[in-house]
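Enquirer: Sequence:
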Amino acid sequence: MKTELKKLENHLKEKRPEYYSKLQKPLSEAQILDLETTYEIKLPHDLKELYLWKNGQMSNCYQPFVNNSLFEPLEQVLSGNKEFTQMIGYDFEIENWWNKAWLPIFGNGGGSYICYDIEGIFTEQSGQLIEYWNEYDDRPVIAPDLLSFIEKLNQYYEETPMEEFDEYFDIGERISEWKKEFIVDKSIKKQNP
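Quick note: the sequence shown uses the working numbering, first residue 1, plus one each step.
Take these hints with a grain of salt, some might be off.
[As the list claims (entries may be wrong)] Each computed BS3-like pair below joins lysine-lysine, with the alpha-carbon atoms no more than 25 Å apart:
1) K6 / K82
2) K186 / K7
3) K15 / K2
4) K186 / K100
5) K48 / K22
6) K25 / K2
7) K25 / K152
8) K13 / K42
9) K186 / K54
10) K2 / K13
11) K42 / K15
12) K2 / K48
13) K25 / K15
Everything labelled a hint here was simulated from the structure, so no lab data went into it.
Modelling step: build the complete structure from the supplied sequences, incorporating the hints.
Expert: Here it is, written out as structure tokens:
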């Protein structure tokens, strides 16, 4: 993971220097541990590596990191997970409309996210990336793990000339072979008091 993140850093410095300047400083191990303690969650190693590299992008930066989504700072990721999880059974009445195992690491600014799936909902493959659409019932798995996703992102940078970069940044075609579609349409079973 560290090797791929170093490659990504070099690509960003070379091809998107303005965007790179808007990435926040890395978190320390101690800062991550504090957040894990506060939010009562243990981050998987690869996700921790991402935030030891950079802590998302600045709040005044609206350029996408990947797939038209912003790179969310870790505290926002964990507070977002907690907020959405508390809505299960109330605002979210469909099973897996949201799941407590999803960490919303990349967001489109409109309430939809690419999530790191700690448990492997639908596929039993923990660490996969899944798309959460706040207005739609599809929950596609788009990558088997974060490392593979970053590798494809690096490949995109290696093969795409600078003049082809624009404000809509999408590697969807490069990861299409991984995509698995899942529809959520079953109501959550209410438990009797």
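Enquirer: Give a verdict on every hint.
Expert: Hints versus structure:
| no. | hint | verdict |
| --- | --- | --- |
| 1 | K6 / K82 | 31 Å, violated |
| 2 | K186 / K7 | 42 Å, violated |
| 3 | K15 / K2 | 20 Å, holds |
| 4 | K186 / K100 | 17 Å, holds |
| 5 | K48 / K22 | 20 Å, holds |
| 6 | K25 / K2 | 16 Å, holds |
| 7 | K25 / K152 | 23 Å, holds |
| 8 | K13 / K42 | 31 Å, violated |
| 9 | K186 / K54 | 38 Å, violated |
| 10 | K2 / K13 | 16 Å, holds |
| 11 | K42 / K15 | 34 Å, violated |
| 12 | K2 / K48 | 11 Å, holds |
| 13 | K25 / K15 | 19 Å, holds |
Checked against the numbered hints above, the structure violates hints 1, 2, 8, 9, 11; every other hint is satisfied.
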